[in-house]
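So the sequences go chain by chain: A and B.
Residues in the first sequence are numbered from 1 upward in steps of one, following full-length UniProt numbering.
Residues in the second sequence are numbered from 1 upward in steps of one, following full-length UniProt numbering.
Calculated directly from the structure, the hints in this document are not laboratory data.
A quick note: this is a predicted structure, and the numbers were derived from the prediction, not measured.
Treat the hints with care, as some may be off.
As the list claims (entries may be wrong) - Here are the simulated EDC-like cross-link-like pairs (lysine to aspartate or glutamate), alpha carbons at most 16 Å apart as the crow flies:
no.: 1; chain 1: B; residue 1: Lys408; chain 2: B; residue 2: Glu459
no.: 2; chain 1: B; residue 1: Lys418; chain 2: A; residue 2: Glu389
no.: 3; chain 1: A; residue 1: Lys48; chain 2: B; residue 2: Asp390
no.: 4; chain 1: A; residue 1: Lys326; chain 2: B; residue 2: Glu27
no.: 5; chain 1: A; residue 1: Lys313; chain 2: B; residue 2: Asp390
no.: 6; chain 1: A; residue 1: Lys48; chain 2: B; residue 2: Glu459
no.: 7; chain 1: B; residue 1: Lys418; chain 2: A; residue 2: Glu82
no.: 8; chain 1: A; residue 1: Lys420; chain 2: B; residue 2: Asp390
no.: 9; chain 1: A; residue 1: Lys313; chain 2: B; residue 2: Glu304
no.: 10; chain 1: A; residue 1: Lys48; chain 2: B; residue 2: Glu396
What the hints assert, rightly or not - One-sided excerpt, in silico: chain B residues whose CB lies under 8 Å from chain A:
no.: 11; residue: Gly106
no.: 12; residue: Ala244
no.: 13; residue: Leu246
no.: 14; residue: Leu250
no.: 15; residue: Pro326
no.: 16; residue: Ala398
no.: 17; residue: Arg434
no.: 18; residue: Thr440
Stated by the list, open to error - Here are some chain A residues the structure puts well away from chain B; computed CB gaps all over 12 Å:
no.: 19; residue: Pro18
no.: 20; residue: Thr19
no.: 21; residue: Ser73
no.: 22; residue: Cys189
no.: 23; residue: Gln221
no.: 24; residue: Leu359
no.: 25; residue: Arg410
no.: 26; residue: Asp430
no.: 27; residue: Lys437
no.: 28; residue: Ser452
Heads up, the beta-carbon is just placed ideally off N, CA and C, and yes, glycines get one too.
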Amino acid sequence: MPTAILLDVSLSMTRPVPTSDTTESITRLTIASAAINTFLDYLSVHAKLEYVALITFSSTYEVTVPFTRDYDSIKAKLGHLEEGDKTCIETALAGVNQIILGEWGYQTLVQTILITDGTCGVGAIGRNRIIQALPLPPSFPSKIHILPIVSPHESCLQHAMPLYQKIVDLASSTVNNSTGSINRGAIYCPDQLSVAAVVTAMTKLCEQQYQEFWCTLKCGQLETKVQLFPAPQPASHEGLAATYTISNQIHVVGFLQQQDLGTPIAISKHLIIPQPQSNNNNNKENFGSKTPTKEGSSSETSTTDEDNTDPSKVPNFCVLLHGALKVEGMAAIVQLGPEWWGTVSAWCEASRARRSCLLLAVLRPGASAAPWLGPLDQLGPADESTPAETFPVRSWRSYSSAGSACAWARPHALLADVQKVLRHARKLPDKTQHLYKELNRLRRAAISLGFSELLTSVGGALERECAALPSSAPPECALQLAHAAAALRDPRTALDIKHTLQPLATNFTVTSMSH
Amino acid sequence: MFPTNHKTIFVLDHTPYFGISSDFPIEFDVSKSRGPGYVPLPPVCKSLWTCSVEAAVEYCRIVWDLFPEGKLIRFVVSDSAAHLLNTWTEAQQNLTHILNGLCLVGPVRRGAGGDVVGLCAAIEALGEPSPNQSSRPTTERLFQNRGRIICITSARDDDSIRSLAEIALNALVQQNKKLSMVPPTTSADATANTQSLVVHYCHLVIVNVTPEKIETRVNNQPLTEMGGGLMGVEVIVSRASALANLLGRLVLPHYKLATTTVTGIPMKEEQNASSSANYDVEIIHSLEAHAGLRAAQTAAEALESVVLRWWTPRGAEGGASGCSGPLWRVTPADVASRPSACLVNFLLNGRSVTLEVPRKGGGRSASHVLAAQGGELWIGALGGRTPYDDPPALSEGAGGRITDYRIKEFGSVMQQNKLLPLRGAGANGRARARLQRHTTYWPLTISSTIIFNLGPVVEPLSRLVVQETLSEAEVEACRGVLLSLLGMESRHESPAAPLPSNVRVKWCGRREDQWRQVWGELEALVRAHAASPAHRALLRTLLEQNRDNNIKKKLNIIQCSGESRASVIRATTDSPLSPVGAGGGAAGSSAGAGDVWAPRNALEALLGAPRPPRRPDFAGRMAAGNRIATLYSTFARCRSTALVFYM
């Protein structure tokens with residue numbers, strides 16, 4: 001999840017901080033810079049793939065550094081920030097919303113770290129007005145953390161606190177609830193106004209909000225330690241009380257052809273980054289990956305020590321899995337927790353066709369995340385004894401079911417159905433069966449809608465067709481039309497759903513066929 | 001937890017008044033005049049009842065197309081009594097059931113009665129728990145039970161509408177009161193699951209229907225709260241002919257839906273296939289699908305249909321896989337129209353199509369994709385960066401420099417562990433158990449194994465041994481594999497001899513070492529699967545064979561005074577190990593697991609002394625694979641292996 005650092009560069013941030021050390025003049029802005037440096041240093045160790053942007057604001061806002069993984073470019077800018085005029089949080093937040101929507105769309109969780117000086121710049125009334133006017137919640141999932149560079153005892157902080165709390169609360173109550181995240185942002189107040197205290201607060205923020213996510217990917221006896229990036233968020237599912245958190249063991253259940261899998265409804269996607277195997281977990285579970293006789297030939301023993309130092313030369317299951325998934329065009333179904341599944345597939349960015357990686361798609365919790373696969377908990381291995389169904393599992397609803405002549409709300413649909421009947425009526429005796437089939441369909445729909453007027457009217461139309469028959473027409477036509485018209489208007493059976501109209505069984509049918 | 005739209009109840013007025021005509025004539029005899037004397041048919045008018053039924057059914061179709069589960073609708077037909085057409089159970093939540101029920105109700109008959117009966121029955125029905133609600137454990141019964149009642153009726157004036165709402169509110173209050181009187185102890189009973197629930201909120205939509213020409217004295221009323229937030233009442237006045245449109249519009253806010261008009265779909269007419277015309281199709285889907293487009297739009301604009309242009313697909317496009325985010329179900333707004341049917345069929349046949357935002361200034365930007373999966377239609381939004389783009393190359397990560405992964409073999413493991421839709425519980429567990437068996441002994445790289453590179457020689461065994469059980473014939477087949485290997489070894493062939501030379505992998509070590517590794521791996525493989533009696537029998541065979549083999553070989557070598565072997569035999573006589581001792585050691589290995597990894601044959605034992613240009617590798621390290629070896633790990637378990645270390 002990308003991060004936007006929203007840094008207050010208003011005039012008040014340039015106030016010097018009283019220190020015992022007089023040789024160096026420290027302002028709130030330098031403290032903020034130190035905090036940002038701490039943050040970036042933390043990321044470069046723990047979350048190198050995180051995108052970060054630096055946005056400065058006062059009464060206006062400016063994208064100082066757009067979203068990047070090159071943290072040094074942000075650090076380089078920190079020394080040359082232009083100071084602005086007045087803190088204006090709501091404008092800045094509105095601006096950030098625009099920037100993020102433009103860049104990340106509305107499905108990506110974006111975290112914002114607001115670094116300000118603990119004053120909202122206005123009185124109580126103005127503050128409440130700001131609270132009213134906050135451009136929150138944004139239309140994308142978001143979290144806002146606030147780091148006020150202020151001594152905890154200053155009155156202005158007490159004054160600004162309700163505003164901060166409101167920002168943090170509102171930011172997480174996103175309107176787009178498909179990726180319901182329950183983790184909120186937080187306010188990280190330093191213990192005192194000093195570089196050390198602010199850095200401590202920032203470190204706390206990092207540790208709480210930017211924890212890398214490690215887990216074990218298990219496929220039978222084969223397993224490997226992996227990192228998921230971005231770290232998955234707990235999911236809450238509408239209609240279910242439970243909140244779902246990914247367990248630290250992801251079990252492969254089995255495999256599917258990619259085209260059978262399709263694109264299930266994923267709530268988030270994560271890179272699976274293989275991690276070096278730690279060497280000291282020589283338990284029995286690892287029996288399989290242990291290659292017992294690998295060092296059977298003594299010539300290899302010398303390379304073993306090297307292998308341990310260079311993790312890229314130790315065989316890793318992830319690389320194997322990726323290769324095999326790609327070659328076979330398959331995807332793995334993995335179990336993320338109770339009643340929760342995901343898919344692992346080889347993914348490759350269109351623009352970088354050669355750089356491919358393993359991608360975990362976290363599905364919506366519950367067994368129905370991909371209806372065409374059937375209930376996910378009932379996916380099992382092929383077995384000789386059970387008759388195998390195939391994918392896709394057809395939904396019992398179909399779009400044509402609604403077309404069984406009950407969608408007459410628009411007149412053209414009714415018109416089309418009646419015309420069909422009349423078309424068949426004109427092509428008797430060839431279309432006798434079709435005529436009765438359509439008539440019964442029409443009847444059924446009309447009866448369920450209580451539309452007896454229609455039946456009377458169609459009966460009339462059939463009689464007219466009968467009258468308009470040319471003299472050359474076989475006599476059977478007239479008989480069938482008259483029979484159908486009468487049946488449609490027969491008061492005893494016309495509205496009886498169990499009654500089916502049958503063609504008139506005439507002797508003519510027999511004789512005409514014998515000709 | 002359970003939103004208001006979890007439960008919806010239609011109350012349809014079936015009183016005699018609804019038998020009157022809607023006075024909205026529908027011409028259906030539009031065929032061209034066929035000469036003189038041809039009398040056109042009179043147009044037909046639907047009754048109010050027909051109009052309300054078809055509108056309600058259309059509402060249901062949209063809801064059930066988009067939400068196969070969790071959004072429940074019930075029908076109450078009200079005349080002198082209340083007829084409940086269905087219950088909350090899943091099996092009765094479909095159009096077929098409703099239409100059958102409507103058939104039985106039949107057209108409007110004479111008689112008294114009105115909406116009041118039906119409305120009260122509907123409120124009672126709201127109290128009944130849905131399957132989802134009753135599946136909640138009783139301890140978690142603190143959810144809000146909300147619902148919506150859409151009552152299609154016709155009232156004289158505002159006053160009668162108001163009294164209708166008041167009657168509904170009264171019924172609701174009475175019902176809740178009655179439930180709260182029930183002592184809470186009963187909630188612990190087993191019968192609690194069928195017990196009625198308190199209704200926390202009811203959204204009552206009263207639709208007042210009139211024929212075309214009749215003046216009505218009922219006015220629209222916006223949503224007003226009654227009974228302290230217990231009930232929200234909304235009154236909408238509609239002509240019967242416009243009722244279907246009205247409900248088609250109402251369904252959008254009720255289920256947070258939005259419409260998109262796909263414009264410019266090229267379609268060919270059957271009659272003149274040479275030319276194509278452009279059509280528009282309106283589709284309905286979740287409002288969320290528009291979230292990206294709506295960012296800069298006002299609330300009023302959000303109610304209108306978004307127009308997206310058809311982007312004629314070229315060749316095989318990615319379909320829905322292009323979207324990184326969620327997908328939403330789609331249903332056509334007008335299911336009976338030909339362009340809709342055409343679009344639906346196009347998608348159901350497996351094609352997908354990209355939609356773009358029409359721009360005046362040129363330049364295209366794909367915004368959505370439409371595709372079918374599993375017989376249902378879906379829309380997904382495109383665009384936006386993903387936080388995982390520009391991933392680190394796998395080749396630079398852990399294990400990235402290894403090039404001899406057994407990818408093809410793992411591919412066949414994947415094929416053997418393909419999932420299929422089964423019925424019944426435990427399917428996932430069986431799949432995982434199977435995968436567990438298939439990977440019990442599974443070297444990751446080609447260079448770390450010999451037996452899996454031997455192709456058809458070992459293949460029957462490696463294929464069969466992963467099964468849960470082995471039949472007599474299968475055990476025999478495995479024995480055959482072992483025998484043929486033995487034969488090869490006794491002929492002093494390299495294990496790789498039967499393979500074409502181009503697939504041979506460079507294996508280090510001498511032939512004897514290779515055979516030693518082959519037997520070691522085989523034993524590990526079979527031992528790892530020794531769960532069933534047949535497997536254990538196979539393992540016994542393997543171990544016995546190993547021992548016999550060793551003795552035989554030794555005898556062979558001793559007897560054979562061959563020219564090249566002469567020096568070897570001389571060296572053998574110096575060996576501290578007697579042949580009998582070596583045989584005993586191999587037999588002992590079947591009992592203790594400690595020396596599985598170092599199965600030694602007599603040959604090796606015989607060659608032991610003169611062989612090493614270097615020292616033999618530490619047996620503990622052999623056992624540990626590429627991990628740190630633990631010293632004396634087997635000491636406690638098997639004293640006899642300690643001998644091995646000192647040899």
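Next item on the list: Compare the structure with the hints numbered earlier in the document and write down the numbers of the violated ones, lowest to highest.
Entry: 4, 5, 6, 7, 8, 9, 13, 14, 23, 24, 25, 28
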